[in-house]
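Chemist: Line order of the protein sequences matches chains A and B.
Add 11 to the 1-based position in the first sequence for the numbering used here, that's all there is to it.
Add 1083 to the 1-based position in the second sequence for the numbering used here, that's all there is to it.
Derived by calculation from the structure, the hints in this document are not laboratory data.
Because the structure is a prediction, the values reported are computed rather than measured.
Some hints could be false.
As the list claims (entries may be wrong) - Heads up, incomplete: computed chain B residues facing chain A, CB under 8 Å, no partners named:
id : residue
1  : 1088
2  : 1123
3  : 1127
4  : 1129
5  : 1132
6  : 1136
7  : 1173
8  : 1184
9  : 1185
10 : 1187
11 : 1189
C-beta atoms are modelled at their ideal positions from N, C-alpha and C, and glycine is treated no differently.
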Amino acid sequence: KAGVTQTPRYLIKTRGQQVTLSCSPISGHRSVSWYQQTPGQGLQFLFEYFSETQRNKGNFPGRFSGRQFSNSRSEMNVSTLELGDSALYLCASSLAPSALYQETQYFGPGTRLLVL
Amino acid sequence: AQSVTQLDSQVPVFEEAPVELRCNYSSSVSVYLFWYVQYPNQGLQLLLKYLSGSTLVESINGFEAEFNKSQTSFHLRKPSVHISDTAEYFCAVSERGSQGNLIFGKGTKLSVKP
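The shape of chain A in the complex, shown without the other chains (with noise of 0.2 Å):
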């Protein structure tokens, strides 16, 4: 069974622009989480999307969002980059929302993103 994907796996972008990002989870799984790493802070929890509802949002400004389409496929865009949110994002998916059954999540490579 293929794993977790994310495209792309490397970004470069600048300032003030928007970047997309996507990932495709495991097969059969429909809860896909995002996280934020950066050298400072660490891994932070962005937000968790099941049945194309989002569940759950870290702290993180609104210029963050996502989304989850009917196959259960997960983008998240980030409006007006800031140098700051350079980072590794990854993606993770489970078979069900992780709060209520406590299920695995799985990670992806994660995308690589630069703020110029």
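On the provided structure of chain A, position chain B as indicated by the hints.
Modeler: Okay, now just chain B, sitting in the frame of chain A:
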């Protein structure tokens, strides 16, 4: 609020030596605990997890961790490390009954030298 502390940011060790990576958490409710490993330029891989039952959990590659409720700890151990164990290790916690998102520690870089 829940938090995770990994006391050592870097742990250098020689091959075949034992290693312990420390993890302490803070929470007012029961928790689920996880260790993830991240190899260079890769995503996170689940190493082992504690959900309930036996407090000692093991991974397939020789790591083990023990949940200690009184000390709010979940230290990761391996009796004999290999060069291939060189990676960054993250401890994570999720509170029972919460929204379920993982709270991660800052990570510990394990460097195994020949």
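Chemist: A separate judgement is required for each hint: does it hold in the structure or not?
Modeler: Cross-check of the supplied hints:
| no. | hint | in the structure |
| --- | --- | --- |
| 1 | 1088 | violated, 11 Å |
| 2 | 1123 | violated, 11 Å |
| 3 | 1127 | holds, 4 Å |
| 4 | 1129 | holds, 6 Å |
| 5 | 1132 | holds, 7 Å |
| 6 | 1136 | violated, 13 Å |
| 7 | 1173 | holds, 7 Å |
| 8 | 1184 | holds, 4 Å |
| 9 | 1185 | holds, 7 Å |
| 10 | 1187 | holds, 4 Å |
| 11 | 1189 | holds, 5 Å |
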